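Asker: Got chain A; can you put chains B, C, D, E and F on it based on the hints?
Chain by chain, the residues:
6 protein chains.
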Amino acid sequence: MTENKKDNRYDQGIEIMKGMMGKNGDKIAEELQQLHPDIAHLVIAGYADIFGRSGLEKKERAIVILTALIIQGATDQLYAHTYTALNMGLTPNEILEIVIQCTAYIGFPRSLSALKVIQEVIKENGLEFSKLP
Amino acid sequence: MTENKKDNRYDQGIEIMKGMMGKNGDKIAEELQQLHPDIAHLVIAGYADIFGRSGLEKKERAIVILTALIIQGATDQLYAHTYTALNMGLTPNEILEIVIQCTAYIGFPRSLSALKVIQEVIKENGLEFSKLP
Amino acid sequence: MTENKKDNRYDQGIEIMKGMMGKNGDKIAEELQQLHPDIAHLVIAGYADIFGRSGLEKKERAIVILTALIIQGATDQLYAHTYTALNMGLTPNEILEIVIQCTAYIGFPRSLSALKVIQEVIKENGLEFSKLP
Amino acid sequence: MTENKKDNRYDQGIEIMKGMMGKNGDKIAEELQQLHPDIAHLVIAGYADIFGRSGLEKKERAIVILTALIIQGATDQLYAHTYTALNMGLTPNEILEIVIQCTAYIGFPRSLSALKVIQEVIKENGLEFSKLP
Amino acid sequence: MTENKKDNRYDQGIEIMKGMMGKNGDKIAEELQQLHPDIAHLVIAGYADIFGRSGLEKKERAIVILTALIIQGATDQLYAHTYTALNMGLTPNEILEIVIQCTAYIGFPRSLSALKVIQEVIKENGLEFSKLP
Amino acid sequence: MTENKKDNRYDQGIEIMKGMMGKNGDKIAEELQQLHPDIAHLVIAGYADIFGRSGLEKKERAIVILTALIIQGATDQLYAHTYTALNMGLTPNEILEIVIQCTAYIGFPRSLSALKVIQEVIKENGLEFSKLP
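Protein chains in written order, with numbering that gives the first Met the number 0: chain A, 0 to 132; chain B, 0 to 132; chain C, 0 to 132; chain D, 0 to 132; chain E, 0 to 132; chain F, 0 to 132.
Isolated chain A, as found in the complex:
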């Protein structure tokens, strides 16, 4: 019984991850299972509880996620979630704009480190920053 309830939040979380991360959703769920089923359940059910809420539009939620990772300097996750941000509707130049706004809070070095990771992902997806304002 408890088990079924758990699975319910887990299954919802999987759907939400796929909706956000597109092609990467299953791969990341699989990686979490490889770490340990308990951490996979905690994180994926957390997606149901947190990322799956209404109250922000999809693109707005992507802005919160990307800003959080840039401000924290979470380079590993920034790599994975720049694609998520693109998949949730942010354009490369909107992402650049978020990084530039973040310089007001983390200064230059950490903004530049974030932008290097982001640029790499944008190129890997065949996209680029527009150079004209």
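Please keep in mind that the hints were generated in silico from the structure rather than gathered at the bench.
You may find that some hints are simply not true.
Stated by the list, open to error - Now the stretches of chain A that chain D is said to cover, found in silico as 3 or more residues with beta-carbon under 8 Å: (1) 38-48; (2) 68-74.
Unchecked claim - Here are the simulated DMTMM-like cross-link-like pairs (lysine to aspartate or glutamate), alpha carbons at most 25 Å apart as the crow flies: (3) D/K115 <-> A/E119; (4) C/K57 <-> D/E127; (5) A/K57 <-> B/E93; (6) B/K130 <-> C/E29; (7) E/K58 <-> B/D37; (8) C/K130 <-> E/D25; (9) C/K122 <-> E/D75; (10) D/K58 <-> C/E29; (11) A/K122 <-> F/D75; (12) C/K115 <-> E/D10.
Just so we're clear, the structure is a prediction, and the values are computed from it rather than from any experiment.
For glycine and all other residues, C-beta sits at the position ideal for the given N, C-alpha and C.
Answerer: Frame of chain A; chains B, C, D, E and F shown alone:
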């Protein structure tokens, strides 16, 4: 000449601050001048260069600013900028939603500290979180 | 149905909070509800999922919690959770020992800030650090 | 004279490091000497003053150390000190439990980054997380 | 014997603290003793080992200390150590200059929070920032 | 017109970067342009506004920069800016001294991570720490 150029970015910054912060814009500019004219110029001209850019909608920029302050635990500025966020078009419940999303990145204690400050400002402005989903 | 499942994790979380925090458990649950029912549910159900796990002894879990708050400099929560730590079986001198060990990771200033808060709570509870080794 | 006193704390520190780190103790002392004798002395005598104190059991001290490194995101040291934690008596599943508890304070991304490093060290030592509760 | 050695580093540390902090040295040593003799010994002997080293000029060491506290946002210690910085030879405008340089690494909000604390201490000591470049 | 004013701060920034970074100045300006012209302009004009100020001697400013990067754990930039610090007049042993002083604020692990990066750059430049006090 150099002086005029400086004043130009400063004057633009003042306009952008007022547009973002509403009634608080002049007060904060005055406080910055009281600290020191050089830091006032640096910050306010920075508003022209960073906060005054196009590329994000007003409300989207407010989401970046608020997320950055919550993630950093910048309580002092969060107090001032929750009003800014309301002034830039975020509703109390959208702000709550940003805090809840941030728990995925900073955990419970720092999210709750942020929410206490935010709730205080929301009440001071005669607003409240809606309790019904 | 969904509601019932939710309440189940919430009710478990309330029990776990009371077990950990003693007399403060109900007060903190009430404060969370005052902030917003959604954040109260997220945090308290999180207690069921995280704090309520087996795998560490009660006192060992208290060491993780206290260390985390000291390292983060989460002063507000440190105030509340020093009592929790005492309630979960740590002695004042074991708490002092944790702070001293933490100086290896955060240096002197933040350790001393933590210790001031901790000492205050210990005194309020009619306890004191033993001065003899 | 001063020299002898210094060597005394240094020698005590070496013994404490070996007791904690097992086979890695001499290697890390050597690496510190390669950096600079002054930093080696400062760190190793610090082991005598801080890590060598009584007041926490060996396994409890290992919990403080591991929690501190996870919360700080100190990936380099986490790699070295996961072995230390195993050597001081923590099981792989107790370490997993510490990481899960830490998600309450640092959220998902940094917990997952820590767990990846930890899992690698656990595998290198021919150990694994138990998957059954 | 061990006791004497300990006292030696402690006594050296007291002298170094007094040299750096002027009138505040004895007061801070007393506060540390009030927290606990063990933490007092650890911190004050640490002054002998770290702050008492040669290799940087007095004013240069003050720059490291002040920069570290500003970057960390260690407001409590910044209050105490702005006086220390003045006592070690930094002028109010050099301190302002350090804060302005730090905006490149921590952005505006945390620089402004630091500057507010610093300005307060400077005023309490009957000093002020020069407004002319 | 606006364009000319912008170029003026940019050109000043380029000169200041070259003065600080020596042979690396042009390379880093080029890398910033490769990221995006807007971020290049923001950072390089920021060099004119912040790094180009008078009020600290060259070597003193280098101490602020290096301390900031060590305290933040900004490894990427520390790699680039250790050379900058040498170019601005700090000796290898003065840099070591800054790291040792920083242990009082960030503890051992992050100081050691910084020192490894710094030692690598010092060796690449055919220099070394002096081992004799």
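Asker: Hint by hint, which ones does this structure get wrong, listed from lowest number up?
Answerer: 10
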